[in-house]
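Chemist: Given these sequences and hints, build the entire structure.
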Amino acid sequence: MFKFDIKHLQTLQALRDTNRLSDAAEKIFVTPSAISHQLKELEDRFGCVLVYRRQQPYSFTSAGYRLLELADEILPKIQDANAEVLRLAKGESGRLHIAIECHSCYDWLLPTLDRYQRSWPDVDVDIAGGFGFQPQAALARGELDLVITSNQMEDQRLRYMPLFKYESRLAVSNQHPFAQKSYVLPEDLACETLITYPVERSRLDVFNWFLNEANVEPEKVRTAEITSLMIQRVASGRGVTCLPDWVLRTYEDDGYITTKRLGKKGVFPKMLAAVRRDYKDLAFVQDFCNTARQSFQRDFTTTR
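Residue numbers (this note's numbering): 7 to 310.
Among these hints, one or two may not hold up.
No farther apart than 20 Å at their CA atoms in a straight line, the calculated lysine to aspartate or glutamate pairs in the EDC-like style are these [what the hints assert, rightly or not]:
no.: 1; residue 1: 83; residue 2: 120
no.: 2; residue 1: 13; residue 2: 50
no.: 3; residue 1: 286; residue 2: 130
no.: 4; residue 1: 13; residue 2: 47
no.: 5; residue 1: 286; residue 2: 160
no.: 6; residue 1: 270; residue 2: 173
no.: 7; residue 1: 270; residue 2: 29
no.: 8; residue 1: 13; residue 2: 86
no.: 9; residue 1: 13; residue 2: 32
no.: 10; residue 1: 276; residue 2: 29
no.: 11; residue 1: 271; residue 2: 251
no.: 12; residue 1: 187; residue 2: 251
no.: 13; residue 1: 271; residue 2: 194
no.: 14; residue 1: 187; residue 2: 259
Quick list of the computed label-pair ranges, beta carbon to beta carbon [as the list claims (entries may be wrong)]:
no.: 15; residue 1: 147; residue 2: 127; range: 22 to 32 Å
no.: 16; residue 1: 183; residue 2: 284; range: 46 to 56 Å
no.: 17; residue 1: 35; residue 2: 63; range: 21 to 31 Å
no.: 18; residue 1: 113; residue 2: 242; range: 22 to 32 Å
Keep in mind that the hints were calculated from the coordinates and are not lab data. We put the beta carbon where it would ideally sit given N, CA and C, even for glycine.
Modeler: See below:
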């Protein structure tokens, strides 16, 4: 009887969640050829097709869906058991005081923390505040333990672990001329009012990844601390804003706004977990990152 490995279930999950061979390989940290080999091995052993790969998005056969059901049931349990055994075997516990440089990250961070603390009840987890706009500097000083960010500092005391990629998209009103475009170019924003969070430009994707390289400045920049207020201003035609796709998706699905890709190829920053270098290899820190990746992929990833 053929015994398949956990890696086969992870491969099927990755293909389902990403619909692209290269993205699936990146998600589980293997090469695209390894993905193809594992899938062919699985299909050869079972003697049936599991995934139709000549079309995108990929579609699964009934047998493929059955294995996906198994993967969704088993893999989270394996991760939870692994974390618990590590904690019990090594007696590892500690402090994980977290700050975020992404105002919109609470959507996925809070569910992540709920799940994480079930596996690591002895870790003192807190979302820290009161550090102004310099949480990475506070991290380097030892006042924080982990910072969620999309920007790296040049500091030898810090290490950065990738969590996931996301797409930054431009939100416009449904009546805006941009609503009819396939994508927007940097120069399109030269006559626009850009609404942002009240943080330094160095922490805003729209400047770091889109406008600065083209040397383009919006006509006006206005700020708002609350995401829903930013969306309300956009919907009423008082400006445009750039936010992660998972933040904008619900508002767009409900018909309040229209979103557009930044440039023909889009802008895809990486969300990172910044820690001090002595924290990087701690089991409870590694498992927080793994839980964050899985929670985001499960709850907030879709294909457009």
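Chemist: Hints numbered earlier in the text: which of these fail when held up against the supplied structure?
Modeler: Of the numbered hints given earlier, the structure breaks none, since each of them holds.
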